[in-house]
Amino acid sequence: MNTLVLPRPTRLPQLWRETRAELLKLFRTPSFILPTIALPALFYSLFALGMQGSSGGRGPTYMLSTYIVFGSMALGLFGVGATLAAERASGWFDMQRASPLPLWVFLCAKVLVAVTLALISMFLVMGIAGSAGGVRLHALSWILLGGITVLSAVPFALLGMAIGLYARQGGAAALANLLFLPVAFFSGLWFPLQALLPGLQHVGWVLPAYHLAQVALILTGQVVPDLLWVHLGITFLWIAAFAALAWFALRRSEHGA
Amino acid sequence: MRGEMEEAKSALATPAVRVHGASKRFGTVQALRGTTLEIRRGELVALLGPNGSGKTTLVNAIVGLLALDAGEVSVFGHAAGTQAARECISVMLQTAAPPEMLRVRELIELFRGYHHKPLALDAVLGLADLRALAERRYGQLSGGEKRRVQFAMTVASGADLIVLDEPTTHMDAASRNVFWSTVRSWREAGHTILLVTHQMEEVDALADRVLLMAHGVVIRDSTVDALRGAFSLTRISCVAAFDPAWPLTLPGVVSVRSEGRKLMVLTADRDATVRAMLSAQPNIAELSVEPASLEDAIARVLECETAAVENVA
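For the protein sequence lines, the chains are H and P, in the order given.
Numbering of the first sequence is given in our numbering, commencing with residue 12 and proceeding in unit increments.
Numbering of the second sequence is given in our numbering, commencing with residue 35 and proceeding in unit increments.
There's no promise every hint is true.
Said to hold, decoys possible - Facing chain P, a subset of chain H residues (Cβ under 10 Å, in silico):
| # | residue |
| --- | --- |
| 1 | Gln25 |
| 2 | Glu33 |
| 3 | Trp103 |
| 4 | Gln107 |
| 5 | Pro113 |
FYI, nobody ran anything at the bench for these hints, they're computed from the structure.
For each residue, glycine too, the CB sits at the ideal point set by N, CA and C.
Make the full structure from the sequences, and use the hints.
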């Protein structure tokens with residue numbers, strides 16, 4: 012058994028190769044991924060720039076903060092969830108599972124891809140905000156918004172993973188949409204929560220996207236920073252909850268057919 | 035020193051695959067019923083059986099894709115599905131498709147990167163006759179070419195145990211020949227190979243040993259020759275106007291089955307059966323007499339087995 016003394020392939024290059032393959036795959040299917048990447052910028056152009064007159068110029072900055080969270084959510088849920096469900100249907104997921112590649116590397120690559128795509132989506136929104144939207148922020152705020160994009164992509168990539176591992180191919184996209192639209196609405200990602208009926212303005216407190224959006228709004232000076240740590244704390248609780256959900260979905264998929 | 039020697043010896047004695055009492059149920063279907071088998075190092079074993087006999091479930095358990103309800107599976111002494119076990123195996127699944135958008139070269143490179151002693155890329159492309167297709171996207175290939183790519187991804191691993199689940203479906207005759215000679219050279223290089231197949235000529239061409247599965251258990255474990263020889267049957271086929279049940283009354287006949295207008299008679303006593311048939315039915319046409327194929331032998335084993343199960347019940 013002298014095979015055992017041979018060095019094993021190291022994980023970091025494997026993670027890089029997996030991530031690159033995943034990105035190649037997605038960008039060679041532009042009809043799937045480009046609309047998802049461009050959607051936040053498109054919505055931002057319509058809603059934020061369209062609302063500029065009525066909200067005294069605060070609209071573009073407010074919505075810059077919320078639409079990048081929106082983009083991260085979309086790419087986490089659909090970029091991971093829909094592709095994973097499709098790969099379970101095609102058998103690619105089984106090929107990976109039977110291979111010596113640790114499954115965490117495969118799944119981690121998916122999260123990295125979601126983060127990368129969310130950053131691309133963010134740059135599009137930022138580009139429109141900084142030019143046509145006339146948004147002016149401190150350099151540090153722009154950078155911190157990048158941090159929020161990454162932080163937002165992680166919980167939704169984990170939730171997307173749970174959905175992709177749990178649902179069937181068509182069901183995954185439907186389930187993701189079912190969560191995606193109301194969560195975006197009640198978290199104030201499309202327009203300020205003040206526009207909702209008073210009774211509906213606080214539904215967002217139970218949703219992760221609300222807290223991420225509040226952190227982004229604090230960073231851009233749209234909301235007072237009193238509750239920053241509360242919002243961050245609840246965000247991390249959601250990340251832990253979605254990680255647990257993904258883990259259970261993974262265990263379940265190992266015992267299935 | 036002595037300890038190490040003994041350790042090395044016991045490592046060699048460890049079989050490549052050991053399955054003990056494996057059971058798995060899917061809803062109301064009992065796919066595996068406590069089956070047991072062993073594959074020694076360096077063997078080329080064919081796993082045969084009708085559809086629904088549990089072959090693919092067994093393969094999935096061996097490669098670690100499936101947790102059993104009961105029983106144990108180990109690969110080179112490691113529990114199936116563990117990292118150590120997966121590092122020893124490379125599997126070509128029956129119904130698995132790599133992403134359409136990746137190129138042939140990219141797919142092979144990806145899988146080479148999973149193993150610690152992979153084959154060189156160029157060698158793999160040569161083995162599977164894929165040099166001309168290396169830059170093509172997987173989705174652009176024909177069915178047979180896709181199977182060759184999957185085969186290339188499997189052998190690129192250089193793994194000790196290669197599991198091939200119905201590898202030659204969709205392959206044309208030329209591809210199949212390339213495939214067979216590659217599998218043979220792999221065996222000569224000391225790899226252990228488990229081949230799941232429907233094709234008797236493939237078993238005839240490649241296997242040392244045949245495991246025959248039915249109703250979720252391995253019901254027969256023998257060499258290819260022994261399986262055929264154990265029955266040493268002759269197949270008589272003809273076009274005839276008589277009642278298909280009639281040949282069963284003749285000496286030596288074990289079974290009769292009709293295929294279109296043809297009647298296939300399996301017999302253990304060729305001369306007596308042929309003589310009896312011809313003397314009673316002078317109008318018999320298109321008579322042919324040949325040694326029973328492996329397929330006939332297996333069908334016969336399964337028949338006996340089913341009859342035995344029914345008698346017990």
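Quiz item: When the hints from earlier in the document are held up against this structure, which numbers fail?
Solution: Every hint satisfied by this model.
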